[in-house]
Structure formats: structure tokens, C-alpha cells
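Visitor: First to last, the protein sequences are chains A and B.
Each residue of the first sequence is one higher than the one before, starting from 1 at the first, in this note's numbering.
Each residue of the second sequence is one higher than the one before, starting from 1001 at the first, in this note's numbering.
Just so you know, these hints were derived from the structure itself, not from any lab.
Keep in mind that a hint or two might mislead.
If you anchor each label on the Cβ, the simulated ranges turn out as follows [unchecked claim]: (1) B/Leu1007 with A/Asn168: 29 to 37 Å; (2) B/Lys1005 with A/Leu245: 12 to 20 Å; (3) A/Arg246 with B/Trp1019: 48 to 56 Å; (4) A/Val167 with B/Leu1046: 54 to 62 Å; (5) B/Leu1038 with A/Cys110: 48 to 56 Å.
If you want a taste of the chain A side facing chain B, the calculated C-beta under 8 Å gives, among others [claimed, not checked]: (6) Arg32; (7) Ala46; (8) Ile49; (9) Ala52; (10) Leu89; (11) Val90; (12) Phe93; (13) Leu94.
All residues carry an ideal CB built from backbone N, CA and C; glycine is no exception.
Take a look at the letters that make up each chain.
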Amino acid sequence: MTAAPWAGLLVATTLPYRFLQALFFDQLVEVRTEAAQYGNLLGGTANMIVAAIVIALWGRAVYARACRLAMGRGATPGREVWRVPAAALVSFFLTSSVVLLVGYLSVFTCLGLWVAAMFAGLAIGTMELNERVSVLEPFRLIGRYAKPMILLGMAFVFFCGLFVALVNLAAAFGLGVWALSAIGGFDVPHWELLFTPGNRRFVLMLVAGAFVAIEPFWVAAHVVFVRKAGAQERGDDLRAWFEELRRTA
Amino acid sequence: MTCTKTLCQECATQWDGIWHCAACLAVKRGAKVERSPLFSWIAVVLITAAMLFGGARLMVWTAAVLAGLFS
Chain A
1 MTAAPWAGLL
11 VATTLPYRFL
21 QALFFDQLVE
31 VRTEAAQYGN
41 LLGGTANMIV
51 AAIVIALWGR
61 AVYARACRLA
71 MGRGATPGRE
81 VWRVPAAALV
91 SFFLTSSVVL
101 LVGYLSVFTC
111 LGLWVAAMFA
121 GLAIGTMELN
131 ERVSVLEPFR
141 LIGRYAKPMI
151 LLGMAFVFFC
161 GLFVALVNLA
171 AAFGLGVWAL
181 SAIGGFDVPH
191 WELLFTPGNR
201 RFVLMLVAGA
211 FVAIEPFWVA
221 AHVVFVRKAG
231 AQERGDDLRA
241 WFEELRRTA
Chain B
1001 MTCTKTLCQE
1011 CATQWDGIWH
1021 CAACLAVKRG
1031 AKVERSPLFS
1041 WIAVVLITAA
1051 MLFGGARLMV
1061 WTAAVLAGLF
1071 S
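Modelling step: build the complete structure from the supplied sequences, incorporating the hints.
Guide: Written as C-alpha cells, this is what we have:
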């Protein structure tokens, strides 16, 4: 909760990426079987998505640092959040680009997407542990913290959370249109046609919005998971527990 | 704390979100900053750029195959 103000930055940097993804799917549904003949159109959008990913990843890295600092202090961190170490940022870009590739390669399998989601979570969780730039070290770190059952459980929770966010967003839009219909001066009857599940673009935007809504929680959960796992390895959690017991005794 | 000693709040100083004692801070200040070799930087940047470029191409290819499957 203490890193909450920084979630605004994460949302702002992720919005272009998610909305471009929605646009890509919209174009895909539009061209359907003739997709292979619209390579330039889809390729252009894909290039824009990749450019937007870089901005989104930077925002994610800054927010992850804010979460880590907030966790250590118990207070909202200040301007030092912007100073993401270059080695950590570059390592995060490397692991995330691999996740991107693995994600698209495994889109035909059901299991692959889950693995990619877990891998992406660990990539952001372990980002700040990379003190030096290396091709293999970020992957070794990810392997060290990979606890499949916990990560799978987290992925499942956020998968359910995605639907909750989707329903809430749809309800918020419905409520907004209903409330505005009382004011007048707006073309509300037209809006009621646009904001319905029958409108493909509206549904795609809702899905994009749901992803944006759960991302701050997803990033924070993985940062906390990696930090807690690290504390367990070093015995810091036991030490803190004994201290707490001694204080209450 | 790097040395894992238990200190009171007044004796610990926070640096980059982590609490350190005076001795640990002195060691940190005196430590030589090890820079990553230039080769690692170039390799990581090139691999990332290649992955992102490949990712964009793969995205279009996957989309075309998926569109063909669900037609």
C-alpha cells in the first residue's frame, strides 16, 4: 500500500502497450483468415507494441523498485525510486524479451502461457538482485527462486483476479453511462450501444483495462515473494520472528 | 543488515532501502565498485534487441496461424 502512488506511473506506462495489444487483436479479428495477406498492417502494429513494451517494462521496473523500498521502510519512498540501477534494468529487459518470445512460441499450448507468466513474475521479482550485467546470471537468479507450486498458485490467483477486474470495469462503465443519462446533453443512447458486450472493441478495451488494473498487484506480489524467499534463505525471517517473540514476551 | 547484527533504530542507517550499521556502511563506502565488462553490456543489449525484433515478427506469425486455425 505504501508504494501505491507509484502505481500511477506503472499504469501510465502500461496503457499504450495494453491498448496497442487490443488494437492488434481487433485488426486480427477484422482480417480473420486473410491475416497472412495483411502482414504490413499487423507488422506495423506489432512494431509499435514492441516499442511500447520497452516503456512498459521501464515503468514496471520503477514500480518494482518502489515496492522493494516501501517494503524495507514501511513508508512511501521518494525520488530515489527513479534511480533504477542500469545493470538491473538491462538484465530485466533481457529476461522480459525472452519471456515475450517464449510467450508467443507457447501460445498454442495451454501450459506454456502459464510458464511464461511465472517466468515474467520472477523476472520482475529478481530484477534488483542483478548487480552486474551478464547474459546468464539473470536466468540463474530466476532459477534459484523458482518454486513452481507457489508461482503457479500466484498465477492462478491473478488469473481469477483478471476476471474480477473485468467484471468490475464493465460494471463501472455501465454505472457511468447510467449516471450520465440523468444529466443530459450527451449522446447517451449512442453510448449505450457502444458500451455493450456486443461491441468487440469495447470488450477488447475492457480486457486491456483488466490487465492494467491487476498489474500493480501482480508486480508487488512477485517482489514480495522474492524478498521473502531471500529472507528465508538467509534466515532473516527467523531472526525477525525471534525478535518479535522477545518483544512480546 | 549485512553483518546480521541486531541494532536499535537509532544506530542503523538506511541506504537504498536497506538498514546498515556504521561498520557495514564504512565497508560499503570503501569498497571498489566493480563494473560489468563492456562485452557483457554489448552482448546483453544485442541479444535483447534481437529478441524484441524477433518477438514482433513472431507475434504476427502466431496471429496469422491462429487466425487460420479459428476460421
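Visitor: Each hint needs a verdict: does it hold in this structure or not?
Guide: These are the hints, each one checked on the structure:
no.	hint	result
1	B/Leu1007 with A/Asn168: 29 to 37 Å	violated, 45 Å
2	B/Lys1005 with A/Leu245: 12 to 20 Å	holds, 19 Å
3	A/Arg246 with B/Trp1019: 48 to 56 Å	violated, 18 Å
4	A/Val167 with B/Leu1046: 54 to 62 Å	violated, 44 Å
5	B/Leu1038 with A/Cys110: 48 to 56 Å	violated, 42 Å
6	Arg32	holds, 6 Å
7	Ala46	holds, 4 Å
8	Ile49	holds, 7 Å
9	Ala52	violated, 11 Å
10	Leu89	violated, 11 Å
11	Val90	holds, 5 Å
12	Phe93	holds, 5 Å
13	Leu94	holds, 5 Å
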